[in-house]
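K.L.:
Here is how the chains run, residue by residue.
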Amino acid sequence: MPNRLSDRAAIIERHWREQARTRRLYTLIGGGGLIVVVALSLVFANEANAGKFFERLPFFFDFTKDLVPRDWLEVLRAMFDLPSPYDDGSLKYNYPEGRYLVTADLYIPEYIEKMLETLNIALLSTVIGALFGFVLSFLAARNMMPNALVRGVARRFMEILRAFPDVVIAGFFLAVLTLGPIPAIMAVSIHSIGALGKMFFEVVENADMRPEEGLRAVGGSWIERVRFALVPQVLPNFASYFLLRFEINVRASTIIGAVGGGGIGELLRLSISQGHGAKTISIVILLFGTIVAVDQFSAWLRRRLVGGDAFLPAT
Amino acid sequence: MLVLTATEMDAIALRHPHAVRPPFWAVWRVPAMAMAIAVYVLFSWWFFGIGQVLATTNWQIAGSYLLQWVTYEYRPTIAIDKDGAIKVGYPRFDPIGPNPDPAWMSLDRGMMERRIEAPASGAAQTSGFVASPFMAPPAKPATEQPATRREEVVKRAEVRFTNEARLVVTPDRVVVDKDGETLTLSVNHDDEVKAQGPLPAWATQKRAGDRVIVAFGASGWAQIDGSSVVIHKRFFGWVNFIFDTNSAFFGKSAGEVLHLVVSGERLDPARSNLALAVDDFLHNPSWQHLDVWTKLLETIVMAFIGTLFAALVAFPLCFVAARNITRNRAANQITKRFFDFQRSVDMLIWALFFTRAFGPGPISGMAAIFFTDTGSLGKLFSEALENIDGKPREGVTSVGAAPIAVQRFGVLPQVLPVFVSQTLYFWESNTRSATIIGAMGAGGIGLKLWEAMRTHTNWPNIFYMVILIIGTVFIFDTISNALRSRLIGRPQH
Chain A
1002 MPNRLSDRAA IIERHWREQA RTRRLYTLIG GGGLIVVVAL SLVFANEANA
1052 GKFFERLPFF FDFTKDLVPR DWLEVLRAMF DLPSPYDDGS LKYNYPEGRY
1102 LVTADLYIPE YIEKMLETLN IALLSTVIGA LFGFVLSFLA ARNMMPNALV
1152 RGVARRFMEI LRAFPDVVIA GFFLAVLTLG PIPAIMAVSI HSIGALGKMF
1202 FEVVENADMR PEEGLRAVGG SWIERVRFAL VPQVLPNFAS YFLLRFEINV
1252 RASTIIGAVG GGGIGELLRL SISQGHGAKT ISIVILLFGT IVAVDQFSAW
1302 LRRRLVGGDA FLPAT
Chain B
230 MLVLTATEMD AIALRHPHAV RPPFWAVWRV PAMAMAIAVY VLFSWWFFGI
280 GQVLATTNWQ IAGSYLLQWV TYEYRPTIAI DKDGAIKVGY PRFDPIGPNP
330 DPAWMSLDRG MMERRIEAPA SGAAQTSGFV ASPFMAPPAK PATEQPATRR
380 EEVVKRAEVR FTNEARLVVT PDRVVVDKDG ETLTLSVNHD DEVKAQGPLP
430 AWATQKRAGD RVIVAFGASG WAQIDGSSVV IHKRFFGWVN FIFDTNSAFF
480 GKSAGEVLHL VVSGERLDPA RSNLALAVDD FLHNPSWQHL DVWTKLLETI
530 VMAFIGTLFA ALVAFPLCFV AARNITRNRA ANQITKRFFD FQRSVDMLIW
580 ALFFTRAFGP GPISGMAAIF FTDTGSLGKL FSEALENIDG KPREGVTSVG
630 AAPIAVQRFG VLPQVLPVFV SQTLYFWESN TRSATIIGAM GAGGIGLKLW
680 EAMRTHTNWP NIFYMVILII GTVFIFDTIS NALRSRLIGR PQH
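Sequences listed follow chains A and B, in order.
Those letters in the first sequence? Residues 1002 to 1316, per this note's numbering, in order.
Those letters in the second sequence? Residues 230 to 722, per this note's numbering, in order.
Calculated directly from the structure, the hints in this document are not laboratory data.
Treat each hint with caution, since some may be false.
Said to hold, decoys possible - Computed beta-carbon distance windows for the label pairs:
| no. | chain 1 | residue 1 | chain 2 | residue 2 | range |
| --- | --- | --- | --- | --- | --- |
| 1 | B | Ala240 | A | Asp1209 | 33 to 39 Å |
| 2 | A | Glu1098 | B | Ile708 | 50 to 56 Å |
| 3 | B | Ser501 | A | Phe1060 | 43 to 49 Å |
| 4 | A | Asp1106 | B | Val542 | 28 to 34 Å |
| 5 | B | Val259 | A | Asn1148 | 23 to 29 Å |
| 6 | B | Gln643 | A | Gly1031 | 17 to 23 Å |
| 7 | B | Arg258 | A | Glu1206 | 21 to 27 Å |
| 8 | B | Ser627 | A | Val1044 | 33 to 39 Å |
| 9 | A | Val1154 | B | Ile633 | 18 to 24 Å |
| 10 | B | Leu641 | A | Asp1008 | 33 to 39 Å |
| 11 | A | Asp1106 | B | Phe567 | 39 to 45 Å |
To be verified - Here chain B is said to cover these stretches of chain A; the calculated rule only asks that three of the stretch's residues, wherever they fall, bring their Cβ under 8 Å from a Cβ of chain B:
| no. | region |
| --- | --- |
| 12 | 1056-1062 |
| 13 | 1072-1081 |
| 14 | 1089-1101 |
| 15 | 1204-1215 |
| 16 | 1253-1260 |
As the list claims (entries may be wrong) - Where chain B lies over chain A, by a calculated footprint (3+ residues, C-beta under 8 Å):
| no. | region |
| --- | --- |
| 17 | 1123-1132 |
| 18 | 1283-1295 |
Backbone N, C-alpha and C fix where the C-beta goes; we use that ideal spot for every residue, glycine too.
For reference, chain B alone in the conformation it holds in the complex (with noise of 0.2 Å):
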């Protein structure tokens, strides 16, 4: 065995430095590169300001917009009359539906003299409503002296948005709860809300006297004002999915809709509790499901009809650009440029052509995959030409097949299953893109989803169709992959 001293060493690396020291940029490349890409990307961050912009988004919004992907609210506002009757009232589109009597919400009722102005506020409704010198004036009231009445009111509201954190509205303060910890906010009618203590660090007041807004993390918050507490209360899941607070079945649970389908009186005498249920369904108008599908089948047809048009026309042209079947340079060149013309123009332009051509829909968006795609397809249709074996054609060519025949019998059938596996690869690839083409305007879901997603509110509704168009192209991601490794005998990916 050889063993070298540390002289010998010195010695060799003297006699022939390039051995022992490796070049200069074997040693410093990696370092160089890592330099090279740091300072690019601090060329870019000072480009674009993204520093500044960073600093200065309000993250906040980012989580409460995440949050509403897979939670709903309802908003009640409990008002605090000037006597101190406390009333709960919802919006009017509420979730919660007609009738609500929630189970985190407790009121206790009691009898109260109250003073009626039944004609007064009569006529400045009335007045309030259509204000016009053209109308008489609002007939004064019947009785100068307002009317008492006794009557059953709120006295008190609790709202229980965990099991650590309550809020209690009695008339003339509010208690908040939440983890051992308490706020008393006494509050008035000149929208004056005045803690009793020091703010928890969940609570937050810009000015002293202004109203508080009270968190609770993911189970909502509350905005604190003199007369009027109004509650988001938050839960994980999507809101009336199945039937809308317009629909006679809303609040009913699996069992009672399934026992009035099958066996119940007619809710409406004109159809069958079937039918209505389905026509419920369908058109939520919340979610409005059908709308959605028929969107999303636009998107899968225009993936479809693109890519298999895009393959019937590339299938002839490709025999053109080959240079192995068509001997003509020039027919060569001038197909395989139109293909390269095709393909990098792009989906994007192709697709702002066809919108203004023939107006948002899935022709413009079918037109623009068939266009890219025959570049595309074209060009991979003749590199797989051009690699085939040439014996089989030249053994039917010398038993005197016509030309046609030659390729029939002799190139078929070596190419047909690249052509046909790389028709699906785009299929699948296209039931993608044409999600993305749809938003600028090619219509389908992505033009749903982008109209959705401008008007910053309907998370639910996104994340609902997003997750059918994930699912969509998963499903034909697995029917490609499995198609396609049949073809060509091996597992693909």
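Here chain A stands alone, though its shape is the one from the complex (with noise of 0.2 Å):
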């Protein structure tokens, strides 16, 4: 034989054979059981639902067809609010009816002043979520509060506020209140403020504290030493986790209008189980191009304020 091994080698390859089955056998123990857990899984999902997979899927591309206007100008009509050929008088052709009139032949298209309803939720809600964030995140960072009593009610208080499902919050609120903007309102802040909070704190503790020290130095107050040595580096990387925050809340503004916050996420939701096609085909693309409105211009003003640092993927 011509590469016969030696009796040490022979050991060291054999005992890298059985290590290499017992590493197989695992993989194969947990791709099996992967493998058992999703097939229940599947199986538990199938038994919960309402309507079965096999026997919906057949009629999925019927309530597809719903959805396909009787012709594709209807869905710029039901956009914009122009009358439709088809009227009715029935809830699926009346699109001049929510015109929002701002004179009286001017007046702004009801999708078009809903969808706004909604970016100015979640940009007051950001607004409030950055305000609270802003100051909390000082009271929490180790480097600007030495008081660890202080600093772990404020990081307590903030991790509260995140734990709850904004859905939760928005329940609650719509409890309290009424129906309408407001609980949405309630419930995106406190999440925001959370969320921001916690962000911002990370920013402070990583900034350089020698502007810090220069203004202790000169027995410069704790504001003082704020407003001048950490806000001018830190401002930045909070606006960049402020627009970051935005986008997440013109999605979560949605949401929580489709579960009764208003805006257009209500109707939305309206539209599609009313299976009304060339208004949901509208309400669709016209958040679809919001929302990549708003990503590109947030990555773009992103980009500028603090490099291209903020783009590399989340690992």
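Combine both chains into one complex, guided by the hints.
P.N.:
This is the structure in structure tokens:
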């Protein structure tokens, strides 16, 4: 035999084979376990679902057919509240009814007005979240708040705000306040305070402390140190997180709208559940366009603010 | 050392004004931003009518709802009969259970002559139940003369809310003590309640003679009418969390239950006590443990399968989307725009679509998560692929490996940890989102939670579900963080 192993090498070879076998066995058990879990999960989900997957699958395309409008101009008419030639008095074609009149002739189309309302909910909540998060972040950062008690309270407070699912907060305020945008604003802002506060205080903790030391040396008060040593450093990063949160909040406020918080989400849910093809498609296009536009705009602004570093893939 | 005098400083400032005087925007940027934000907030205040809504909101309701998250009430009604006999009754499904004898209520009993109108009341019952012309007219009372009977009745009822607050009901007056203040209310059967002396701050009466509501803070409140006093006695905690009032184990201590389960007589001859106890616990009608847990499992399954399938589909597609793997710009662009489309249509829209198609339930939620995250994961995967080091690939290619082998040994070892870590991260965040899209009809605990919230009454159950959700999210966060830091080799977050 040409490449015969020495005795010691043979022992190593045997050990390696044993370990490789164990490893393969574990991989096999793991993979098999995963397949079993997935199969059980699928069966369980299918049992729990109102419609069974394979029963409903053929009808899936029926449902998609419902969404195709009678002609594609209908989508534009629905979006801009123009009267439809198919108008038969039903809810399906009553596009002009939702017009938001500015003057007698000039109007904002309903969906665009609602989309703006959703955007405004998201923006206001992000602003509120950023204002409170800004204050909390300096109280929660180790380098600015030597008092462990204050720091701990601030951090726990933000954790609690973050932990509650926003749909629970929205539901609570829907019960206390009336229906409409304010419960959505409350829910989204409360969640934003927690989320932004956490991002902000991590930025503050990573700030360069030399300007702060300089100000401390000349007797600057806490507020002066924050204002002149830290804020100029952290503001670009804060703004970047603010924009990121705004993107998330646009989606969140749409979703909360769909469960009763006003805005475009509610209209989308209604028109999908009533099978109004043209209306649904025009809302989806509007939403899709807005989300893409907001994402692109915020990515562009963030790139200008903090440079390309913020765009490394999140690993 | 260089020392400048004031005149020299002024001279320099004169020669180089830009060096001493910072540009306009550097000075006014922050105040201008603050101003803009203030203006925007004021605008939104007006736009949404926030001030108006906040002013008209009844914040007491909010407080009482929040209190109900962690408290429960017993609601006995102390009724005063026309002849002065007092009767204490509980609503049918009161959590106190059958045969209540709470320690916070003491009843003084005594004998009393009562007029009994038994036949008349019997007839009234029948006719009140189904008063229909097809039935025979109610039988005439056997005796026109009402009988009298001596029977034992309650003459005085005392409810202790706290050590300093109590309420005493006697046939013609209700006396409430709180923190040293005493309110005496005289009551009669014409539903007239008269306070003797001024009302203290904790008692409210809308009009003179109307009912009086006395509040004892977190320990409850009571409503005093002319002929009845409704007590709301509040306790901290969740009532009947393990066994409901219908259970054979209701009201037994942990030791007694354990004793029954281990060595007691069978309470139900058909089953062992253990099976009975487990069954009673799981099907506890007020908490519905089994149902809540099943729904929670649905949510977990939704997030798990949705993310797993999304990763499985995104995996091959990302090789097509990566510029450095597939050298075909058209294929790259089409795949990337497809990912963008899936991501931007948003989970909400997908969830609404699939709920319409498959009906409410985890399949719809699963499909929504799958569609959205195929896009998100595909984008991240292809970005990771575009950032790889090309050298291992060149090495494998140079020894003449087949294209698949190049990817397997030259590319995959570099990106697989990143892929798995990102998938885990999405799994974790989808456990949160699954709750929310559930509320829109995609099933799982989100839907159950949302339905409970719409009733505005079931706050303890809502809190129970919220705690379960937060706990689940926390557990999955921890697992996924631990796995990711092992994969990537450095701590996350």
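K.L.:
Hint by hint, note whether the structure agrees.
P.N.:
So, going through the hints one by one against the coordinates:
1. The hinted range of 33 to 39 Å is satisfied by B/Ala240 and A/Asp1209, whose Cβ atoms lie roughly 34 Å apart.
2. For A/Glu1098 and B/Ile708, the Cβ-Cβ distance of about 51 Å falls inside the hinted range of 50 to 56 Å, so the restraint holds.
3. Restraint check, B/Ser501 to A/Phe1060: a C-beta distance of roughly 47 Å satisfies the suggested window 43 to 49 Å.
4. Judged by the Cβ atoms, the range 28 to 34 Å given for A/Asp1106 and B/Val542 is violated: they are separated by roughly 51 Å.
5. Taking 23 to 29 Å as the suggested C-beta distance range, the pair B/Val259 and A/Asn1148 conforms, at roughly 27 Å.
6. Checked against the hint of 17 to 23 Å, the pair B/Gln643 and A/Gly1031 passes, with Cβ atoms roughly 22 Å apart.
7. The beta-carbon spacing between B/Arg258 and A/Glu1206, approximately 24 Å, falls within the hinted interval of 21 to 27 Å.
8. B/Ser627 and A/Val1044 have their C-beta atoms about 48 Å apart, which leaves the hinted 33 to 39 Å range violated.
9. For A/Val1154 and B/Ile633, the Cβ-Cβ distance of about 57 Å falls outside the hinted range of 18 to 24 Å, so the restraint is violated.
10. The supplied range of 33 to 39 Å is met by B/Leu641 and A/Asp1008, whose beta-carbon atoms lie about 36 Å from each other.
11. Take A/Asp1106 and B/Phe567: their Cβ atoms lie about 42 Å apart, and the range 39 to 45 Å holds.
12. Under a criterion of three residues with beta carbons nearer than 8 Å to beta carbons of chain B, the stated coverage of the region 1056-1062 of chain A is upheld, 3 such residues being counted.
13. Here's how the region 1072-1081 of chain A fares: 0 of its residues keep a CB closer than 8 Å to some CB of chain B, so the rule of at least three is not met and the hint is violated.
14. Closer than 8 Å: that is the beta-carbon criterion, and the region 1089-1101 of chain A has 0 residues meeting it against chain B, so the requirement of 3 is violated.
15. With 0 residues having a Cβ less than 8 Å from any Cβ of chain B, the region 1204-1215 of chain A misses the three-residue criterion, and the hint is violated.
16. With 4 residues carrying a beta carbon less than 8 Å from a beta carbon of chain B, the region 1253-1260 of chain A meets the three-residue requirement, and the given coverage holds.
17. Look at the region 1123-1132 of chain A against chain B: 5 of its residues bring a Cβ nearer than 8 Å to a Cβ of that chain, three or more, so the hint holds.
18. Remark: the region 1283-1295 of chain A is confirmed as covered by chain B, as 5 of its residues place a Cβ nearer than 8 Å to a Cβ of that chain, reaching the required three.
When held up to the earlier numbered hints, the structure conflicts with 4, 8, 9, 13, 14, 15 and fits the remainder.
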